[in-house]
Amino acid sequence: MSRKLLRSQPLLPGETGRFAAILSGVILFLAVTPILTMIVMSFSGAANLDFPPSSYSLQWYRAAWQTFVSPDQSDVLSLGKAMTTSLMVACLTMIFATLIAVPASYALTRCEFRGKAFAMQLMSLPLVFPMVVLGLALLLVFDSLPFHLDTSRLVIAHVILALPFVIKNCTASMMTIGSEVEEAAQMLGASPTRAIVDVVVPLMKSGILAGMLLAFIVSFNEFTVTYFLYNIDVMTVPIWMYSRTVSSLDPTVFSFAVLIVLIDFVLIWALEKLVGEGGVSF
Amino acid sequence: MTGLILENVEKFYGSACAVTDVNLHLPQGKLVCFLGPSGCGKTTLLRMIAGLETITSGEIRLDGEDVSNTPAHERNFGMVFQSLALFPHMTVGENIAYPLKLRGVDKAAQKARVTELLAMIQLQQMVDRPVAKLSGGQRQRVAIARAIASHPKLLLLDEPLSALDAKLRESMQVEIRQLQKQLNITTILVTHDQREAMTMADIVVVLGEHRVQQVGTPIEIYRNPANAFVADFIGSGNIFPATALGGGRVQLPAGDSLDVPISDTIKAGAEIRMLVRPEDLQLSRSPAAEGNRLDGTVTFIRDIGATIETTVDCGGVSLTALSTPNQSLGLSIGHPVSVMIPAEACRVLSA
Amino acid sequence: MQNPPITRQEDAAKPRRNRPFSLTARAWLFLTPSMLFLAVLIVASLLVLRMSVGTKGAEWSGFSLDSYAQLFEPYYLKSLLLTLRLALISAVIAVILAIPVGYTMARLKSPLVRRIFLAAVLLPLLVNLLLQSYGWLVILGPAGMLNQALKGLGLITRPIMMLYNQNGVLMGLVQTAFPLAVLPIASAMRGISRSYEEAASTLGASRFQVFRQVILPMSLPGIITGATLVFAYNASSFVVPLLLGGRRVPMLAVMVHDQIAPLMNWPAASAAGVVLIVTTLAIMTLSEFVTGRRRRMLEASQ
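Protein chains in written order, with this note's numbering: chain A, 1 to 282; chain B, 1 to 351; chain C, 1 to 302.
Bear in mind the hints are in silico, worked out from the structure with no lab data behind them.
These figures come from a predicted structure and were not determined experimentally.
Keep in mind that a hint or two might mislead.
Claimed, not checked - In silico DSSO-like links for lysine-lysine, alpha-carbon gap of 30 Å or less:
(1) C:K109 <-> A:K205
(2) A:K205 <-> B:K181
(3) B:K107 <-> A:K205
(4) B:K101 <-> B:K181
(5) B:K153 <-> B:K111
Could you put the whole structure together from the sequences, leaning on the hints where they help?
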């Protein structure tokens, strides 16, 4: 009886129930707790790690800005250089990963061929391949090469890691485009390749962009594999932050962390805008 | 020889047959319907003609030239797909101009042709409209305009009207037919709707069980179906088994016998199948003395306004008669009635 | 009379049409660049394999199974079992938490809320593991947020040690790998047409029954995929046990790293690495086998 008063309309089947929504909200809140904690800590006025902070201030942001503007002598590499490296590696990863993922996802979606299931499994491999082993193995490979690769090492590693994300996104996007538009283009006179370029790729734009963004995010944040492959001259931001905290946890790190999380958040936001209904594919 | 010729064309997927033993000559300028139930191979056949499927064996020749190995994009055949496949990221004008763009036609000529085609399909104002904003019938017409933009030698339509509602479908049938006649372009239309085939086609190719069952004009196929499959598929028909008695008489399972036109080659005692169209049957309460007559009981009546279908059970054989309201006898279920079967309306079907 | 069913002898000499560029060849051409990169992965694995049967000092030329024998020592066995156990538990917990989230995400209508959800789901996965570990340090520390909250609620008098032990690591594992479970589950549930829920409703099922008897079984492939991804990802987790477990939670990946620095024992590191790879692949294959059949069954009926 009381339930009827609380709800004005019965909940339709297939809609999100209030229970599920609240439960999900709580779980997600818990999931981002470490990140939220960091954000709060970055505004701490004290010099310790007590939570909640006894006072609030922007001191760490000021300190962070100082580090950025005038690098410490004690730093092996300046933040500016690390940031440049990170951005460059991330951009290159984004471009290369997309260039090789689009044809690959075309092959996986449209073509029926022997070994297709195997190929699809192979594409998800980097996702679960033990990152430590990957780092170790790539180190072995690159060290045994007769020539030196610096930034390229990182790009190659990051492309491998980002590939599953980009391919899954492009594949999902391509599946929503039926094969009839391609056949129609062919009937109108477009060669098979021309048909893909003129029809399939434009329709896949948002899927491709989503994949690119994901690749960027993955590369920008990557730590474990990069940890094996970096060297003195080529350092990404996550490695830079780690090197600063090896001896003691410097709260400045939190303000940097907030910056990175902010960048990530904006990128993910843009990602969702692109992908919309279909959701990010995995 | 002009026109489209298919010679011994067949398609197998592995060892599973999609269609086989296809030999057709489709004259230039005619509208041909491939008609058949789902799965009979008609779409596969169309796609082979288009070049979207490989031919397992056989040849396809257009105006004497063998096109069996030409890739789809070089055949210059226009095709309208079941889903229409209009490019969502292009406007109406861009869609129609696409085949011209591919052929390197200059901008001015493209514009002229697009304008011409839009006038033909009566959508002159729509050149810059995005495809998503069109109604079903409008998209239909754009798809056709796009297919004929480059003056193709052949127009292929794969169940183009299946997504439209009934009234729109009927008006589009007429429009397509008129357009085809105006352009005098050889056209192949695939459909499972026999009314559509009867309305539009010059020639009907009936396909069933992966082969061609009969080729002919709509009326030929209706009046003289080659076998039970065609008889059953085209129009509604009363088909029942009988035994030949010789001398132009056949006997029904329950014992009644009928006078029918029957070839001498069929010996007495042979098991045959008879076809009588519902509109040829006459119902009567007080039967005439002469002529084929079967007595039975009404089992079902369907009154759909313009016509009345009455189903009568005559000694185990179920016959449906078609009549107009004027001819109504005021029958109801369970009523006894006689069915008059004019001899000339009976057809013996080959198995 | 029916036409006899049409079959064909495979070796009947019918002239075959040859497409200039077979479909299979084209597919593999498109796949080649990706395959090259993945080939690096495979070559790398093979190198690790080769290294694992080398000897320290003569890594490439030597051959011995000592490194593998070493793995059977109690220290390493314990590490392996610990790794598998933590990976398994984290997978189960992550999936249980992921199911309501995935369901909500699949059925959300408002774009704004969807975006917030997606950001909240992806952030733990993508944001630097290092940073999140720092966050955990603050939360789980003796003077950290969790302890203070529990004290405040009067549940404990002395702080619980959640850091530098398995519980802290477990929490970190679940939190960072949780998105890997959510996305496949959400994707699977999104693919379940609403009409199934509506049909069950009209047949008399309550919301919970609909969820349990219609949605859950139909999204099982997604659930299994999610569990598999979390398991495999966490089995090779490095940063989380390192930072949150200190020396007390030696998961296998940490072992691998230890063998390299400071021990410089490449063969031993490689052997441990090989064990990790094999475990991961085994789980992936098993999962694909189980879900593949179910997925085909679902697809056939839809």
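Here's how the hints hold up against the structure:
Restraint check: the Cα-Cα separation between K109 of chain C and K205 of chain A comes to about 23 Å, which is no more than 30 Å; the hinted pair holds. For the proposed pair K205 of chain A and K181 of chain B, the alpha carbon gap of about 41 Å is over 30 Å, so the pair is violated. Only pairs whose Cα atoms come within 30 Å are accepted, and K107 of chain B paired with K205 of chain A is accepted, the gap being roughly 27 Å. About 27 Å separates the Cα atoms of K101 of chain B and K181 of chain B, which keeps this hinted pair within 30 Å; it holds.
Proposed proximity of K153 of chain B and K111 of chain B is supported: the alpha carbons are some 22 Å apart, at most 30 Å.
The structure fails to meet hint 2 from the earlier list, while all remaining hints are met.
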